[in-house]
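Construct the complete structure from the given sequences, taking the supplied hints into account.
As you go down the protein sequences, you meet chains A and B in turn. Going by my numbering, the first sequence opens with residue 1, and the numbers climb by one from there. Going by my numbering, the second sequence opens with residue 1, and the numbers climb by one from there.
Worth flagging that the hints you see were computed from the coordinates, not collected in a lab. Any given hint might turn out to be false.
As the list claims (entries may be wrong) - On the chain B side, residues computed to face chain A include the following (Cβ under 7 Å):
1. 81
2. 87
3. 88
4. 94
5. 98
6. 107
7. 108
8. 111
9. 112
10. 248
11. 359
Idealized CB from N, CA, C, for every residue including glycine.
Each chain, written out:
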Amino acid sequence: MAARVTTRSEHKAGGILLALPALLWLGLFFLLPLIIVLIISLMSRGSGGSAVLPFTFDQYTRVFDTFWIVLQRSILVALLTTAICLVAGYPLAYFITRRKTAFGRQFALFLVILPFWTNFLIRTYAWRVILGREGLVNNALLNAGLITEPLTLLNTEFAVVLGLVYGFLPFMVLPIYASLSRFDHRYIEAANDLGANDVTSFWRIMLPLTMPGVIAGCILVFIPAIGTFVTSDLLGGTRGLMIGNLIQNQYSGNGNMPLGAALSVVMMMVVVVALLFYARFGEEKK
Amino acid sequence: MADAKVELIDVHKEFPIRAGEASAVRAVHDLNLDIYDGEFFALLGPSGCGKTTTLRLIAGFEQPTAGKILIDGRPMHGVPAFYRPVNTVFQDYALFPHMTVLQNVMFGLQMDRVPKQEAQRRAVEALELVRLPNAMNRKPREMSGGQQQRVALARAIVKRPKVLLLDEPLGALDLKLRREMQLELKEMQQQVGITFVYVTHDQEEALTMANRIGVMSSGELLQVGRPEEIYESPATRFVADFIGETNFLNGTVNTTDDEYAYVDVNGETELAGMWEDSVKPQQQVTLAVRPERIAIRPYNEAPDDSDRSARAEETNTIAGHVVSVHYMGTDTRYMVRVGGGQAINVRVQNVLGQRTTSFKERDAVILNWGRDSTRILTH
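See below:
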């Protein structure tokens with residue numbers, strides 16, 4: 001009776017074979033384009049915005065000189081959006097986990113996801129109707145006599161952040177919900193028992209133990225927020241210009257492909273920093 | 001007796017109606033109980049009897065629907081768990097997984113704003129007390145169940161509570177470790193002198209460890225007493241059945257005197273037992289006797305001098321035949337069918353060198369046992 005023993009190297013070979021389609025896919029459609037973007041970002045602008053030789057660092061110089069302010073604004077808007085989503089999303093996720101019946105939780109989650117049933121573009125347009133000079137908010141306030149002049153709500157950074165928070169809140173709620181529903185509330189009882197009031201119990205026990213969900217939610221909101229161009233285009237106007245809009249502009253019409261590539265690379269670096277942060281703090285503690 | 005550390009006065013607890021339940025769940029009903037300073041008190045009962053709810057009421061995780069709870073003489077109405085002078089060892093320990101063992105033990109002291117150095121010193125002391133001096137920097141999940149149990153204990157006693165509440169703390173441990181921990185816990189309780197309230201469904205655990213036991217069933221406290229009182233004079237059929245093994249024989253009272261009631265169990269045999277609640281002739285009662293108190297001998301043989309059944313006039317005697325024999329290692333168990341059809345279990349210790357009178361199925365036998373080992377139960 002010859003029992004066949006699978007060796008470690010055989011396992012390894014099998015693993016690589018299984019991963020091959022994914023590796024090919026990633027190499028062809030992710031790594032290769034990334035390298036192309038990197039190369040283009042180091043080239044000069046030709047006629048019609050095309051990329052031509054010679055190689056130069058000019059594009060990066062421009063990114064940090066001319067467009068530093070946009071980059072800065074993008075990071076700030078994305079951070080602010082993330083912070084507001086966190087402060088609004090955590091209690092919401094907590095509320096959902098504390099529903100008594102499974103139906104109550106499912107229904108609340110369903111409501112959180114419900115906006116996804118409508119196209120993002122349409123929902124963002126809807127905010128224009130709400131925030132415009134003759135929009136719902138201004139009309140209501142004027143009719144109530146609370147203001148005499150319409151407020152400038154649209155085409156502000158405020159509108160951009162509002163739109164982003166609205167759009168990305170579910171991405172914050174869902175991972176926090178996942179963490180919270182795994183959280184054992186007996187830890188809170190144990191903390192109470194040892195003399196911690198509810199506020200202390202939250203900071204010392206609940207928040208640290210649900211941190212993976214919080215970090216995941218922050219990443220899921222921060223990354224799309226910093227790259228946004230639809231929301232900032234529709235709600236921010238020129239004052240809400242974000243790095244995503246800049247990149248979009250460079251690639252359309254009379255643009256500048258190398259500059260767009262350089263902006264993309266810089267934005268990617270910001271995202272990588274965020275992901276490193278996640279890798280450091282977001283993993284389940286072993 | 002020393003003064004009461006925990007007083008429960010007419011405590012009543014109902015849980016609100018939930019979906020799918022017809023009425024409010026009555027968890028604890030008319031509970032009156034004093035737990036004294038420095039004692040090891042066990043709340044014993046089957047699952048769902050209300051013992052854990054009682055513990056949670058003392059801890060402050062639940063508020064009584066009616067009644068009063070006093071700890072150390074202070075009424076606890078409206079006092080949240082984090083202000084109560086009690087600490088709890090939870091059934092599944094509830095150790096904070098993101099903290100080290102030392103951080104877990106220091107947590108309660110930090111909440112009391114004990115200076116860091118002193119907190120650390122006391123935490124180390126507590127860990128030494130539970131014999132875990134070298135595990136301070138480990139995470140709970142790296143430890144065995146028994147070790148986690150010790151950490152939970154250290155975390156609770158480090159605050160020197162007036163009362164330590166333990167909710168089936170040994171339930172998750174295997175039998176051998178549980179036995180060891182029972183002795184250790186008992187020793188530790190005497191060492192630190194803290195009042196222990198210990199919830200368990202394991203009667204053996206309660207009997208070995210507790211100074212006093214309260215037996216609960218269906219939200220009611222049936223009997224409170226020292227282990228030997230509970231074992232020797234169970235107040236109700238439930239208590240007799242739940243604590244140890246008991247034979248129950250149904251019968252009708254013939255006559256009574258100061259101490260005993262004489263009960264007809266099958267129309268021909270009269271057995272005597274000690275009564276506590278007053279019983280009248282013709283009353284239907286239950287006789288309770290422990291299997292290990294009964295001596296068994298062949299039908300034709302005279303009683304042995306070494307029988308546990310003392311003098312003949314103070315002995316209950318009944319004839320029957322063996323239905324089944326089970327060898328159990330330390331003892332042998334016989335089931336004997338007596339006249340009238342009722343069955344009695346007898347447990348005979350297997351003592352090395354003793355004259356071995358082992359019986360076979362269908363052997364005719366005589367059972368006898370002391371009147372004082374017999375209880376008359378009316379409910």
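Hints, one by one, checked against the model:
1. Proximity of residue 81 (chain B) to chain A holds as hinted, the smallest CB-CB distance being about 4 Å (cut-off 7 Å).
2. Contact between residue 87 (chain B) and chain A, as hinted, is supported at the beta carbon level, the nearest pair being about 6 Å apart and thus within 7 Å.
3. Taking 7 Å as the C-beta cut-off, the interface hint given for residue 88 (chain B) holds, the closest approach to chain A being about 5 Å.
4. For the restraint placing residue 94 (chain B) at the interface with chain A, the shortest Cβ-Cβ distance is roughly 4 Å, inside the 7 Å limit, so the hint holds.
5. The restraint placing residue 98 (chain B) at the interface with chain A holds, with a minimum CB-CB distance near 5 Å, inside the 7 Å limit.
6. At about 5 Å, the closest approach between the beta carbon of residue 107 (chain B) and any beta carbon in chain A falls short of 7 Å, and the interface hint on this residue holds.
7. Contact between residue 108 (chain B) and chain A, as hinted, is supported at the beta carbon level, the nearest pair being about 4 Å apart and thus within 7 Å.
8. Interface hint status for residue 111 (chain B): upheld, as the beta-carbon distance to the closest one in chain A is roughly 4 Å, under 7 Å.
9. The beta carbon of residue 112 (chain B) comes within 6 Å of a beta carbon in chain A, closer than 7 Å, and the hint placing it at the interface holds.
10. Contact between residue 248 (chain B) and chain A, as hinted, is not supported at the beta carbon level, the nearest pair being about 40 Å apart and thus beyond 7 Å.
11. For the restraint placing residue 359 (chain B) at the interface with chain A, the shortest Cβ-Cβ distance is roughly 52 Å, beyond the 7 Å limit, so the hint is violated.
In summary, the structure is inconsistent with hints 10, 11 from the numbered list given earlier, while agreeing with the others.
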